[in-house]
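Participant: Every letter in the sequence shown is one number past the one before it in full-length UniProt numbering, and letter 146, counting from 1, is 146.
Keep in mind that the hints were calculated from the coordinates and are not lab data.
Be aware that one or more of the hints could be misleading.
Claimed, not checked - No farther apart than 30 Å at their CA atoms in a straight line, the calculated lysine-lysine pairs in the DSSO-like style are these:
#1 K40 <-> K91
#2 K133 <-> K40
#3 K91 <-> K31
#4 K34 <-> K129
#5 K107 <-> K31
#6 K109 <-> K129
#7 K133 <-> K109
#8 K107 <-> K91
#9 K85 <-> K144
#10 K136 <-> K40
#11 K109 <-> K34
#12 K55 <-> K109
#13 K55 <-> K40
#14 K109 <-> K40
Note that the structure is a prediction, hence the values are computed from the model and not measured.
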Amino acid sequence: MTEDFKHKTKYDELKKRYRAIEEENEILEQKLCKARRHIKRLRLERSLLLERVDKVNNDHHSDSGSEILHNDFEKHKNVKPKKKKDPNAPKGPGNVFFLFCRMERDKIKVENPEENIGDVTRLLALKWKGLTKEEKKVYYDTFKKEMDEYEEAMKSYKEGLIDSPPHIQNDIPMIQHQQHPEDIFILNTENEHTL
1 MTEDFKHKTK YDELKKRYRA IEEENEILEQ KLCKARRHIK RLRLERSLLL ERVDKVNNDH
61 HSDSGSEILH NDFEKHKNVK PKKKKDPNAP KGPGNVFFLF CRMERDKIKV ENPEENIGDV
121 TRLLALKWKG LTKEEKKVYY DTFKKEMDEY EEAMKSYKEG LIDSPPHIQN DIPMIQHQQH
181 PEDIFILNTE NEHTL
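Go ahead and model the full structure; you've got the sequences and the hints to work with.
Facilitator: Right, dumping it as structure tokens:
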């Protein structure tokens, strides 16, 4: 009986050790997986930075896009405080970097499927910083085109507000009532009785 008890206690101890080792292995596996992802991201960042250095060395331009960014900043320097926005108003295109992200995000996700949204955005930022003026010009032109479309949409939207009754201009929603022929008949007969 005592030998069975000794074997059972030894078996329980070994089982506990086995579980502890399994838990440690899981933790180490998670850390290893995270480290591999980090290494992969660092390699990608390194390649992007090397491309950027090559472009700077090959292009002997004094300024690689900061002039355009500076002009963009100067344009938006004197912005007035925000008003309440109408949810039905046309949406603006954002800025050039957001446009770049919208156009390139899928490519980065395909190259790095295991990266989360924050990491993908960081990689996009690195890629954006590495672009030359000429490469950024494509995105600035597309942004200008979208901005023109937005301004036209806003113009027609505002014209629609001016033509509409005052209660719509004050952002109070008006429920449109569709008149049926029966309603018109009832209204006409009521008017006949009052005459």
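Participant: Does each hint hold? Answer for all of them.
Facilitator: Here's how the hints hold up against the structure:
1. K40 <-> K91: violated (37 Å)
2. K133 <-> K40: holds (28 Å)
3. K91 <-> K31: violated (43 Å)
4. K34 <-> K129: Roughly 26 Å separates the two Cα atoms, so the pair holds.
5. K107 <-> K31: Status holds; Cα separation ~27 Å.
6. K109 <-> K129: holds (18 Å)
7. K133 <-> K109: holds (25 Å)
8. K107 <-> K91: Status holds; Cα separation ~25 Å.
9. K85 <-> K144: holds (22 Å)
10. K136 <-> K40: With Cα atoms ~26 Å apart, K136 and K40 stay inside 30 Å; holds.
11. K109 <-> K34: Roughly 18 Å separates the two Cα atoms, so the pair holds.
12. K55 <-> K109: holds (24 Å)
13. K55 <-> K40: Roughly 23 Å separates the two Cα atoms, so the pair holds.
14. K109 <-> K40: holds (14 Å)
In the structure shown, a violation is registered for the earlier hints numbered 1, 3, in ascending order.
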